[in-house]
Amino acid sequence: MSNDRLILIPGTLCDGRLWSHQKEALGKIIEVKVADISQSDSIKEMANFILQQEPGEFSLAGLSMGGIIALEIMRLAGDRVKRLALLDTNPYSPTEEQKQTFQMYINYCKAGFFQDITPTYLLPNLIHPSRQTDNGLTTLIKEMALNIGPEAYIRQLTALMNRKGSMDILSEISCHTLVLTGKEDRMCPLALHEAMADSIPNSKLVVIEECGHLSTLEKGETVTNSLLEWLQK
Numbered sequence: 000m001s002n003d004r005l006i007l008i009p010g011t012l013c014d015g016r017l018w019s020h021q022k023e024a025l026g027k028i029i030e031v032k033v034a035d036i037s038q039s040d041s042i043k044e045m046a047n048f049i050l051q052q053e054p055g056e057f058s059l060a061g062l063s064m065g066g067i068i069a070l071e072i073m074r075l076a077g078d079r080v081k082r083l084a085l086l087d088t089n090p091y092s093p094t095e096e097q098k099q100t101f102q103m104y105i106n107y108c109k110a111g112f113f114q115d116i117t118p119t120y121l122l123p124n125l126i127h128p129s130r131q132t133d134n135g136l137t138t139l140i141k142e143m144a145l146n147i148g149p150e151a152y153i154r155q156l157t158a159l160m161n162r163k164g165s166m167d168i169l170s171e172i173s174c175h176t177l178v179l180t181g182k183e184d185r186m187c188p189l190a191l192h193e194a195m196a197d198s199i200p201n202s203k204l205v206v207i208e209e210c211g212h213l214s215t216l217e218k219g220e221t222v223t224n225s226l227l228e229w230l231q232k
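Numbering (numbering that gives the first Met the number 0), first residue to last: 0 to 232.
Hints may contain errors.
[As the list claims (entries may be wrong)] Capping the alpha-carbon separation at 30 Å, the derived lysine-lysine pairs in DSSO-like fashion look like this: (1) 232 / 98; (2) 27 / 182; (3) 182 / 109; (4) 98 / 109; (5) 182 / 81; (6) 232 / 203.
FYI, nobody ran anything at the bench for these hints, they're computed from the structure.
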């Protein structure tokens, strides 16, 4: 696996720390890189940027918005992806309610209330209820959000608002695919992952107990072990 590469794509308001456990463990057997998704306001442009940065073939894993971008990469250049992992993500286009929520957060950013969004609105839905009082975890999530900042967050929300779904390409994905989610993911519920696993021919569904949306942080070792098994395929 020495010539192989693994590209990890974070979600909104997340940086490389989202994948800390996975980078350390998987980096021992494969070259690991974390993609930058902060510079564009289009899912397609984000996907093309990663494809330009990473020539040739690679393995690909994305969480939440990262999974949405990973599916766009499959649409654009699926023949270059050796393995695909979709974590806590959504293959559908946004609902009107979701668009309204994204616009609300954009308005908060423009009004100077960016710092309130993560602790007040996002955190209650991002992690399992049992982890809401885990100060180390909640502090890390808030620090990642501050590092991304309001301007990049507006770009990310704009991309999510205007995205197209990817259900139409799932049956064409031929590489070995891991579909993984926290059982109590409120942002991207289990049913979305069941639909993806049912539609992707060579896929495996993994559901992690007592885990919310940020599975790589909440259950780092469990997720890493699933990715290690996936990389052996």
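Hint check results:
no.: 1; hint: 232 / 98; in the structure: violated (38 Å)
no.: 2; hint: 27 / 182; in the structure: holds (29 Å)
no.: 3; hint: 182 / 109; in the structure: violated (34 Å)
no.: 4; hint: 98 / 109; in the structure: holds (17 Å)
no.: 5; hint: 182 / 81; in the structure: holds (27 Å)
no.: 6; hint: 232 / 203; in the structure: holds (11 Å)
Hint check: violations occur at hints 1, 3; the rest are consistent with the structure.
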